[in-house]
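K.L.:
I would like the entire structure built from these sequences, with the hints used as guidance.
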Amino acid sequence: MIEAAVARGEIAVIGLGRSGLAAARLLARRGARVYASDAGQGEAVTAAAAALRAEGIAADGGRHDLSRLRAASLLVVSPGVPPDAPPLAAARAAGVPIVGELEVALHALAGVPYVAVTGTNGKSTVTALVAHLLAALGHTVVAAGNIGRALSDVALHGERPDWIALEVSSFQLHDTPGLAPTVGVLTNLSPDHLDRYPSVEAYYADKGLLYRNATEASRWVVNADDGAARELATGRAGTRWAFSRRDAQAAAHYDAARDALVLFAQSLAPRGDLPLLGWHNLENALAALLAVMVADPAHQAPAARAALAGALKSFRGLPHRLEVVADAGGVRWINDSKATNVSSARVAIEAMTAPTVVLLGGKHKGEPYTSLIEPLRAHAKLVLAFGEAEGLIAADLAGHVPLARCGSSFEQVMQRARAAVSPGDAVLLAPACSSFDMFTNYEARGEAFRRLAPHDA
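Residue numbers for the sequence shown, in the numbering used here: 93 to 549.
None of these hints come from the bench; they were simulated from the model.
Do not rely on the hints blindly, as some may be mistaken.
[Claimed, not checked] Per label pair, the in silico range of CB-to-CB distance:
| no. | residue 1 | residue 2 | range |
| --- | --- | --- | --- |
| 1 | Ala202 | Thr331 | 18 to 26 Å |
| 2 | Gly483 | Gly203 | 49 to 57 Å |
| 3 | Pro389 | Ala496 | 53 to 61 Å |
| 4 | Ala496 | Pro269 | 45 to 53 Å |
| 5 | Pro269 | Thr331 | 18 to 26 Å |
| 6 | Ile465 | Ala297 | 27 to 35 Å |
| 7 | Arg145 | Thr532 | 24 to 32 Å |
| 8 | Thr462 | Ala96 | 21 to 29 Å |
| 9 | Pro269 | Gly148 | 27 to 35 Å |
| 10 | Gly319 | Ser501 | 34 to 42 Å |
We put the beta carbon where it would ideally sit given N, CA and C, even for glycine.
P.N.:
Structure (structure tokens):
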């Protein structure tokens, strides 16, 4: 598809963030005529468009030339652009095929094996851990995709690693028809992105596109404890391996009697060797270990198992995911800003072992908050509701758990949290919402939490 589009005419790239810039440059380097555009009005967009023009690539910041898009041979879209955006609608009406940035990158990196990780929660941690484990086995490896670095940037710099650990969102799956991973991982499924999808079923359908090119040679890793994930994986071509916290028949499971992670019927490491909080991170570790071990039979040899066990102990996790940012005055401050949906907030709350002040709020994503009542009753000393979703959170939770409304000043939220805690308590930012009402992204929200948390001198 990509080479045919290059031959037919100009390729349009929508979005001038990291993914769009890398895709535009990669296509131009591979001989395509490229027109890149972004309707954003900020300085970053203006600078990105100017940088592309300086490189001889046609680019517009602050507008889209819709007539040019309608005449394109192919439209390449960044994952953050909604499917009903005007440039996509114009291209679609003109019969222009639409693909995502990953499609361009995978075409350029053809032949490099990769582990593709998707799911509602845990995919970034699993992707990072897959990369960490593969590196411990002596491979050159790059983590890319939804985890932060655009895969097109990898191709643009001429990198040909032994392996790619690729995080893939539902939006990216929707627009990557050529995805055919060496190993595909489905961490779990729960409602999410209902501000963009018309239904849970539509969201799950995009997740199911992980399997769109399944063959008998495909290798799949799936969560045996998640009914929706099991159902989505059922009947797909290829070989399927399961990970489980409870099922001793799963290829990767937790053995409660030995308090150990078991892979292929042999204990690999005690749970205490995993330096991450929460049962969900135990599941993430099982998924990553299983994916690496089925990627190549050599990864199951005794020496490889020993290397994997050692690498598990040295993994420190990712920022904004149950990250302890301060221990001050006997209070632990925990940043889980990446908990942008209700299910991920729930697992964070359930990981708490001390009386906890829980910070919930941000931009509502279409889910009710009532499923948080039981874990909050068990773990929360107080809930602080804030941001655009404050009223909805209060409506769902007030009367069930101690709750205070804090408005839209994050500084005031943190002041209220500081006033509510005593030695032995914890403060947890697990917003269950996106950040876009108050912050540019979840990272900025997490950094604000880190900055405003008290730190011992």
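K.L.:
Now tell me if each hint is right for this structure.
P.N.:
Status of each hint after checking the structure:
| no. | hint | verdict |
| --- | --- | --- |
| 1 | Ala202 <-> Thr331: 18 to 26 Å | holds (23 Å) |
| 2 | Gly483 <-> Gly203: 49 to 57 Å | holds (53 Å) |
| 3 | Pro389 <-> Ala496: 53 to 61 Å | holds (56 Å) |
| 4 | Ala496 <-> Pro269: 45 to 53 Å | holds (48 Å) |
| 5 | Pro269 <-> Thr331: 18 to 26 Å | holds (23 Å) |
| 6 | Ile465 <-> Ala297: 27 to 35 Å | holds (29 Å) |
| 7 | Arg145 <-> Thr532: 24 to 32 Å | holds (25 Å) |
| 8 | Thr462 <-> Ala96: 21 to 29 Å | violated (50 Å) |
| 9 | Pro269 <-> Gly148: 27 to 35 Å | holds (29 Å) |
| 10 | Gly319 <-> Ser501: 34 to 42 Å | holds (41 Å) |
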